[in-house]
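A.B. asks: Take a look at the letters that make up each chain.
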Amino acid sequence: GAVVSQHPSWVICKSGTSVKIECRSLDFQATTMFWYRQFPKQSLMLMATSNEGSKATYEQGVEKDKFLINHASLTLSTLTVTSAHPEDSSFYICSVQTGAPYTGELFFGEGSRLTVL
Amino acid sequence: EDQVTQSPEALRLQEGESSSLNCSYTVSGLRGLFWYRQDPGKGPEFLFTLYSAGEEKEKERLKATLTKKESFLHITAPKPEDSATYLCAVRSYGGSQGNLIFGKGTKLSVKP
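So the sequences go chain by chain: A and B. Residue numbers are given in the working numbering: position 60 of the first sequence equals residue 60, and the series is strictly consecutive. Residue numbers are given in the working numbering: position 55 of the second sequence equals residue 55, and the series is strictly consecutive.
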């Protein structure tokens, strides 16, 4: 499998500020990474697909101007929550897919807990 | 619409008491069914992938099976360290490559 690291593990910020979360693939060169979000007692939901060297692809209902994704290298993708509001408080988890597209396994990072006051 | 339903929502077992978790799914063409373990405040840990009906996979005390409509995660003689939330997810032919449809999970508690 792939080892995926996220930073920070948790962050608290004031409403209106921006927060950046990093996702690193430590042992696998990932041309594609995925960002998920999980609300308490809810399912993980895919937010966007991060593509190395190109624009991210966002799922329906996810605001691309609010959740900025940058995938500048094969081992690093960042998610920036801009002008955060309390409703953005959630558990954000990135993942890396190994193997062929559409058939490989997804390996997840440890997650980043965002709390917006 | 692709959908995953897990049952029960919560399960309490005594150490050594074997049981099964259920994952029912409806999907427009199954590309794979995945089982993950998630500890509180952590990301999901990959357990198994199943691709076709009749397939089975085992890892220590866990065994996953797959039919055309559901998957079971069998836990044999569980230990307290098996306590976690177990997530089931499917990937369909209609979705993007990273879009796993997750169930809400079964929270397993194993008492010593």
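Simulated from the structure, these hints should not be mistaken for lab results. Since the structure is predicted, the reported quantities are computational estimates derived from the model, not experimental observations. Just so you know, even glycine gets a beta-carbon here, dropped at the ideal spot from N, CA and C. Among these hints, one or two may not hold up.
Some chain B residues well away from chain A (every beta-carbon gap over 12 Å; in silico) [said to hold, decoys possible]: (1) 15; (2) 22; (3) 49; (4) 65; (5) 69; (6) 100; (7) 111.
Computed list of lysine-lysine pairs in DSS-like fashion (alpha-carbon distance at most 25 Å, straight line) [unchecked claim]: (8) B:63 - B:42; (9) B:111 - A:14; (10) B:69 - B:111; (11) B:69 - B:42; (12) A:20 - B:42; (13) A:41 - B:107; (14) B:42 - A:41; (15) A:41 - B:111; (16) A:64 - A:14; (17) A:41 - B:79; (18) B:104 - A:41; (19) B:79 - B:107.
A.B. asks: Take the hints in turn and mark each one as holding or not.
C.D. replies: Hints, one by one, checked against the model:
1. Once the 12 Å rule is applied to beta carbons, residue 15 (chain B) is consistent with being away from chain A; the minimum gap is 26 Å.
2. Interface exclusion of residue 22 (chain B) from chain A stands, the closest Cβ pair being 16 Å apart, more than 12 Å.
3. Its closest Cβ contact with chain A, about 6 Å, brings residue 49 (chain B) to no more than 12 Å, contrary to its assignment away from the interface.
4. Look at residue 65 (chain B): its CB is around 18 Å from the nearest CB on chain A, clear of 12 Å, so calling it non-interface holds up.
5. Once the 12 Å rule is applied to beta carbons, residue 69 (chain B) is consistent with being away from chain A; the minimum gap is 19 Å.
6. At roughly 6 Å, the least C-beta separation between residue 100 (chain B) and chain A is not larger than 12 Å, which violates its mark as non-interface.
7. No beta-carbon of chain A is positioned within 12 Å of the beta-carbon of residue 111 (chain B); the least distance is around 22 Å.
8. About 23 Å separates the Cα atoms of residue 63 (chain B) and residue 42 (chain B), which keeps this hinted pair within 25 Å; it holds.
9. Only pairs whose Cα atoms come within 25 Å are accepted, and residue 111 (chain B) paired with residue 14 (chain A) is rejected, the gap being roughly 40 Å.
10. At most 25 Å may separate the alpha-carbon atoms for a hinted pair to count; residue 69 (chain B) and residue 111 (chain B) exceed this at roughly 31 Å.
11. Straight-line distance between C-alpha atoms of residue 69 (chain B) and residue 42 (chain B) comes to about 29 Å, which puts the hinted pair past the 25 Å bound.
12. Distance restraint check for residue 20 (chain A) and residue 42 (chain B): the Cα-Cα separation of roughly 19 Å lies within the 25 Å cut-off, and the hinted pair is therefore satisfied.
13. Distance hint between residue 41 (chain A) and residue 107 (chain B) is fulfilled; the C-alpha atoms sit about 10 Å from each other, no more than 25 Å.
14. For a cut-off of 25 Å, the pair hint linking residue 42 (chain B) to residue 41 (chain A) stands: about 14 Å separates their Cα positions.
15. Only pairs whose Cα atoms come within 25 Å are accepted, and residue 41 (chain A) paired with residue 111 (chain B) is accepted, the gap being roughly 22 Å.
16. This hinted pair checks out: residue 64 (chain A) and residue 14 (chain A) have alpha carbons roughly 21 Å apart, not beyond 25 Å.
17. About 24 Å separates the Cα atoms of residue 41 (chain A) and residue 79 (chain B), which keeps this hinted pair within 25 Å; it holds.
18. Taking the CA atoms of residue 104 (chain B) and residue 41 (chain A), the gap is about 7 Å. The hint holds against a cut of 25 Å.
19. With a CA separation close to 14 Å, the supplied pair residue 79 (chain B) and residue 107 (chain B) stays within the 25 Å bound.
Hint compliance for this structure: hints 3, 6, 9, 10 and 11 are broken, all remaining hints hold.
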